[in-house]
Amino acid sequence: MAQSKQNPNYKVVAENRRARFDYAIEDDVECGIMLEGSEVKSLRVGGSNIAESYAAVEEGELWLVNSYIAPYDRAKTFRHEERRRRKLLVSRKELSRLWNATQRKGMTLVPLVMYFNHKGLAKIKIGIGKGKKLHDKRETQARRDWGRQKARLLKDNR
1 MAQSKQNPNY KVVAENRRAR FDYAIEDDVE CGIMLEGSEV KSLRVGGSNI
51 AESYAAVEEG ELWLVNSYIA PYDRAKTFRH EERRRRKLLV SRKELSRLWN
101 ATQRKGMTLV PLVMYFNHKG LAKIKIGIGK GKKLHDKRET QARRDWGRQK
151 ARLLKDNR
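Note that our numbering has the sequence shown beginning at 1, numbered continuously upward.
Be a bit skeptical, because a hint or two may be false.
[Claimed, not checked] Derived DEER-like restraints, expressed as beta-carbon distance ranges:
(1) Asp73 <-> Lys105: 43 to 49 angstroms
(2) Glu139 <-> Met107: 18 to 24 angstroms
(3) Val12 <-> Asp136: 22 to 28 angstroms
(4) Arg92 <-> Leu153: 47 to 53 angstroms
(5) Asp156 <-> Gly120: 41 to 47 angstroms
Note that these hints are calculated values from the structure, not bench results.
Owing to the predicted nature of the structure, the values given are computational and were not obtained by experimental measurement.
C-beta atoms are modelled at their ideal positions from N, C-alpha and C, and glycine is treated no differently.
Construct the complete structure from the given sequences, taking the supplied hints into account.
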């Protein structure tokens, strides 16, 4: 049986599968996230979405904007806001690299995957990408379809 594609050292909580289709990702960076207690518990249970979110450098800090973390059912008094801005933790060197990347025309910071690493810390992988045009998306889709078709042909000829 084939091995799993996932790394056994971390648990994926949310994945932005559409990002690699809509953006040409040049590079990615692993960031920590500042979360409240109920947010961490909610992430461990599941129920988060980063598909509509983006990252931005504002006032010398990196922020994750418009990400959704479901409210934790068992939290009584200190419920978190579902779509609040969350601060991302990166080194100054990485922050300056990300800021310089966003200053180039058409470049944006896209969250790719949110996960817990082997130490149990919540992390997010941010991609530096440029938006694809419609013809680029068609080309990507055609390449993907050809790969599937080729695999089917090779499998049938065995």
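Tested hints:
Checking the proposed 43 to 49 angstroms range against Asp73 and Lys105 shows it holds: the Cβ atoms sit about 45 angstroms from each other. Range check, Glu139 to Met107: Cβ separation about 20 angstroms, and the 18 to 24 angstroms hint holds. In this structure the hint that Val12 and Asp136 lie 22 to 28 angstroms apart at CB holds, the actual value being about 27 angstroms. At roughly 51 angstroms, the beta carbons of Arg92 and Leu153 sit within the given window of 47 to 53 angstroms.
Asp156 and Gly120 have their C-beta atoms about 45 angstroms apart, which keeps the hinted 41 to 47 angstroms range intact.
Checked against the numbered hints given earlier, this structure breaks none of them.
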